[in-house]
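First to last, the protein sequences are chains A and B. According to the working numbering, the first sequence holds residues 1 to 294 in order. According to the working numbering, the second sequence holds residues 1 to 288 in order.
What the hints contain is simulated information worked out from the structure, not anything from laboratory work. Some hints could be false.
[Claimed, not checked] As a list, the in silico SDA-like pairs of lysine to any residue whose alpha-carbon atoms are at most 20 Å apart:
1) K12(B) with P14(A)
2) K97(A) with L20(B)
3) K15(B) with L98(A)
4) K97(A) with K12(B)
5) K12(B) with I102(A)
6) K213(A) with M279(B)
7) K118(B) with L98(A)
8) K7(B) with E187(A)
9) K113(B) with I198(B)
10) K113(B) with K7(B)
11) K204(B) with N178(B)
12) K113(B) with K15(B)
13) K7(B) with P14(A)
14) K11(B) with E292(A)
15) K213(A) with L188(A)
16) K113(B) with T193(B)
17) K213(A) with K97(A)
18) K97(A) with Q17(B)
None of the values given here were measured: they were computed from a predicted structure.
This is what each chain is made of:
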Amino acid sequence: MITKKSTPYLFLAPYLILFSVFIIIPTAMAIGLSFTNYNAVQTPEFIGLTNYINLLTQDTIFLQYVLPNTILFSVVVGPVGYMLAFFLAWSLSQLTKLPRTILALIIYSPSMTMGVAMTVVWRTVFLGNQSGIANYVLTQLGIITEPIIWMQNTQYIMPIVIIVALWSSMGVGFLAMLAGLLNVSPELYEAAAIDGVRNRFQEVFYITIPSMKPQMLFGAVMAVTNAFQAGNIGVMLTGSNPTPQYAAQLMVNHIEDYGFTRYEMGYAAAVSVALLGLIYSFSFVARRLFEEKD
Amino acid sequence: MAVGGTKVNPKKFEKGQIPLYLYLIPVAIFMGAPIIYIFNHAFKPMDELYAFPPKFFVNHPSLINFQNLMQTAAGSSIPISRYIFNSLVVTIGVVFLSVMISTMAGFALSKMKFKLNKPIFEVNNLALMFVATAVTIPRYLTISFVGILDTYWAHILPLIAMPVCLFLIKQFIDQVPNSLLEAAQLEGANAFTIYRKIIIPMVKPAIATGAILSFQAVWNNVETSNLFTSSEGIRTLSFYMNTLSGVGTVQGQGMAAAAALIMFIPNLLLFVIMQSNVMNTMAHSGLK
Chain A
1 MITKKSTPYL FLAPYLILFS VFIIIPTAMA IGLSFTNYNA VQTPEFIGLT
51 NYINLLTQDT IFLQYVLPNT ILFSVVVGPV GYMLAFFLAW SLSQLTKLPR
101 TILALIIYSP SMTMGVAMTV VWRTVFLGNQ SGIANYVLTQ LGIITEPIIW
151 MQNTQYIMPI VIIVALWSSM GVGFLAMLAG LLNVSPELYE AAAIDGVRNR
201 FQEVFYITIP SMKPQMLFGA VMAVTNAFQA GNIGVMLTGS NPTPQYAAQL
251 MVNHIEDYGF TRYEMGYAAA VSVALLGLIY SFSFVARRLF EEKD
Chain B
1 MAVGGTKVNP KKFEKGQIPL YLYLIPVAIF MGAPIIYIFN HAFKPMDELY
51 AFPPKFFVNH PSLINFQNLM QTAAGSSIPI SRYIFNSLVV TIGVVFLSVM
101 ISTMAGFALS KMKFKLNKPI FEVNNLALMF VATAVTIPRY LTISFVGILD
151 TYWAHILPLI AMPVCLFLIK QFIDQVPNSL LEAAQLEGAN AFTIYRKIII
201 PMVKPAIATG AILSFQAVWN NVETSNLFTS SEGIRTLSFY MNTLSGVGTV
251 QGQGMAAAAA LIMFIPNLLL FVIMQSNVMN TMAHSGLK
């Protein structure tokens, strides 16, 4: 193809420069700062692994609330949300075009605003008095007698945050899997039937998924990213960071709490690096599952 | 026909599809209800907003919430037109620039041979998982170092390079036959002409998809206003709308619903218009 040596770099330069300045360098800086004590005013002071040691031994809030919350949240919204997205896409792919398009649009639409702009809806649904929709319905059904103050009750905050995050998680990955499913060649299914594939489960695992692995991987990566980007929903719903008694405190919120409220930038950077590590470990598993071996 | 009965993209309705509808419709209702609700809530007059028992649908639609919204905005030092103007500048800037640099980079990665081709694409694939909020602080530091804090550039520049846009566009450019580009080259077209005359027209679906994704990333963005700007006059509509949802009064509730609706509608319209382009692009979205 085009072989002149300088041309590719000319075309790549604008993207690469911005990509480096706003993605690569900040990530590298986070790693660098995580070994320092930095309050945003004085020069960072190198303190080795102290931040990480404190994170794993001293930070009781992190160990007691933030880490378990993050793992619970990301497992449910990530892998579970992903399986849900695949299941919905698989079901939709078996419908005729018009209903499929309409239903897919409805299912996709909550993700357009990453759920955040829509927190106002969920706040009215889970309003803490009797005129909140959830309280009203539960009262009418006789399940509760007193209205529940959802957003202050530590028992309920996390499940609500997870529901809202799942609601808004059927995004690009969901669409990619739907498109992938529609592209699986019908001959494969016919051949499989002749080869003795007997039920839909076998069909999905032996035919459908293997023939759309690249889309499955893209969907998985998007699901993981989405799960970690949705970290602000808890703060938006409860209106405070930290969330009441840290009930829905996630690593993303912990970073902001330390970075922008307490100005302990070095420590916040260490939490960032731990978070990036967690994200990549999820995607590592996804790659192991779906990477084409050739 | 497959024994299992999986029939992909059927041409007409068959009985076998009924079980699918039995759960897909309830799921769609759950997904869509909050959106229908916001359409209703935004038009509810005061007495219906906090009516008991709460009502899902609006009885007597009114524009009072939108009027309150305008009035509150008029009462503050910055007119709402300023926030709208800022959002338009920032959104148009990001969408245009990110599509432009992603198509350029995608063209290079897809159709040109050079040493760093594979490694660059690999790094971009890893960056698909980049979560900006995780590195907000160093991002703030780089932005302040570049010297664009509290300018329009602080909204625009950090959002332009979107790994997912580059990825989808590059995958789509892969479908453009090489023979076409070779023929153009024989006729003396250089890389820029090929980019302008062949690549851009042929990857319109991917461009539409990239445009939607970057639109969503910038139009709904509150963070750049929150973190990278300090003067009110330079902040965006999404930031302003977001401050309203924090007001706990009945009036605030109605205004917040109206604001959420105003922010949501452009997202919805854009996607509905472009959805066939998006699905077309997604068919090539495989990550190998």
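Hints, one by one, checked against the model:
1. K12(B) with P14(A): Violated, at about 48 Å.
2. K97(A) with L20(B): Distance of about 14 Å is within 20 Å: holds.
3. K15(B) with L98(A): Given pair K15(B), L98(A) holds - Cα atoms ~17 Å apart, limit 20 Å.
4. K97(A) with K12(B): The given pair, whose Cα atoms are some 9 Å apart, holds under the 20 Å limit.
5. K12(B) with I102(A): holds (16 Å)
6. K213(A) with M279(B): Status holds; Cα separation ~17 Å.
7. K118(B) with L98(A): At roughly 40 Å apart (the allowed maximum being 20 Å), L98(A) and K118(B) break the hint.
8. K7(B) with E187(A): OK: K7(B) and E187(A) at ~11 Å, within 20 Å.
9. K113(B) with I198(B): Roughly 18 Å between the alpha carbons, so the hint for K113(B) and I198(B) holds.
10. K113(B) with K7(B): violated (41 Å)
11. K204(B) with N178(B): holds (18 Å)
12. K113(B) with K15(B): The given pair, whose Cα atoms are some 52 Å apart, is violated under the 20 Å limit.
13. K7(B) with P14(A): violated (45 Å)
14. K11(B) with E292(A): violated (32 Å)
15. K213(A) with L188(A): holds (15 Å)
16. K113(B) with T193(B): Holds: K113(B) and T193(B) sit about 18 Å apart, inside 20 Å.
17. K213(A) with K97(A): violated (24 Å)
18. K97(A) with Q17(B): holds (13 Å)
Violation of the numbered hints given earlier is confined to hints 1, 7, 10, 12, 13, 14 and 17; the remaining hints are satisfied by the structure.
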